[in-house]
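So you can see what is in the structure, the chains are spelled out below.
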Amino acid sequence: MKTDQFVAALVADRKGSVWPPGRLMATAIAIGGLVSLAIFALEFGPRVDLAAAFRTWRFDLKLVLVLVAVVAAFGACSTLARPVRAGSLLPRMLPLIVLAVVAVVIELAMLPRASWATRLIGSNALVCLTAIPLFALAPLTVLILALRRTAPASPIRSGAMAGALAAAAAAAIYAFHCFDDSPLFVLTWYPLAALPVIAAGALAGNRLLRW
Amino acid sequence: MRAARLGDDAAYRRLLMQVATWLRGITRRSLAAAGRRVDDSEDIVQETLLAMHLKRDTWDETQPLEPWLRAIARHKLVDHLRRRGVTDHVDIEDLSETLAAPANDPVGPAADARRLLAGLPERQRRIVEGVSLDGQSAQEVGARLGMSEGAVRVTLHRALKALAAAYRRDRS
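Residue numbers (numbering that gives the first Met the number 0), protein chains in the order written: chain X, 0 to 210; chain H, 0 to 171.
No lab work stands behind these hints, which were simulated from the structure alone.
Taking lysine-lysine and the BS3-like style, the derived pairs with C-alpha atoms no more than 30 Å apart in a straight line are:
#1 Lys160(H) to Lys14(X)
#2 Lys14(X) to Lys1(X)
#3 Lys160(H) to Lys1(X)
Okay, chain X solo, but in the shape it has when bound (with noise of 0.2 Å):
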């Protein structure tokens, strides 16, 4: 078949809307994240005392730092999303990795050495390994899907990007359920829970994200 012929077949093939990688994942992230706040209406259910943990500062802080994890994932995997090779994400990363660093200098400072290691340990560390990896499994198949549409430089790194935002959207929903809130409980356990989402990303990404 000669070139001309061929992009004829291409012109033809016309189409509405642009979807451009962030539409396509806020999309895939609204859809996925509707399902788990479903199961988690069904079967968890807010903590009792949700009104009183808004007033506490260590709530506000744990919601704050999820979701500028939600927004620093949401940047890196759009920019993932692309073909073009996509420079180091540590300035996308950086206010997270301060905000978190603040975060547990502070607690430090203010809780005595003796209780340092009862709240890192809480009282929910198994069910958070357990549910955010479940709160994250919606939204990151309906990703996946959302990103084979798009074309990106390196479909593993794009597939674990997905994980990590899949992963901080769970956080965020499991985060209204769990009462450990403490900076040094959040900022062990939440990415321990991440880690298996991130690694069901790459390897979803290397195998369904090539182009």
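Using the hints, position chain H against chain X.
For chain H alone, coordinates are given in the frame of chain X:
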């Protein structure tokens, strides 16, 4: 590309033909540099054009178009050479300044697209052939096959996605 996003078919065709000429130059030079025959360069050009078409939403309008085109060309070229056993690093930055090659030359038309099309479902194949080989509009093809123009476009899009998947399978 901006005009193409607004539905200007003539502008999109001009862009794709220009990119094809540019790609042809890069592809020939890369194949030659890797010590490969240039016979299948037109197949690589068409596969790359198809990828650019299907992935066109990943171009960020606030960024220049060329780095995006170059990234896709590089991705497809590296993929092609790697699967044929060439693992050397391909640096198309060096090649982008080379003269673009015109289409009317001894290498001739690509073979893969016709062959891979044959593996598509009957209806998809006939629509792609009607639009490309016979130069018909989606409306004309629809009239011939007894389908609405909208249904023809939907099937055409599926056919192109299937074709891209067939290229990937073919290479692996």
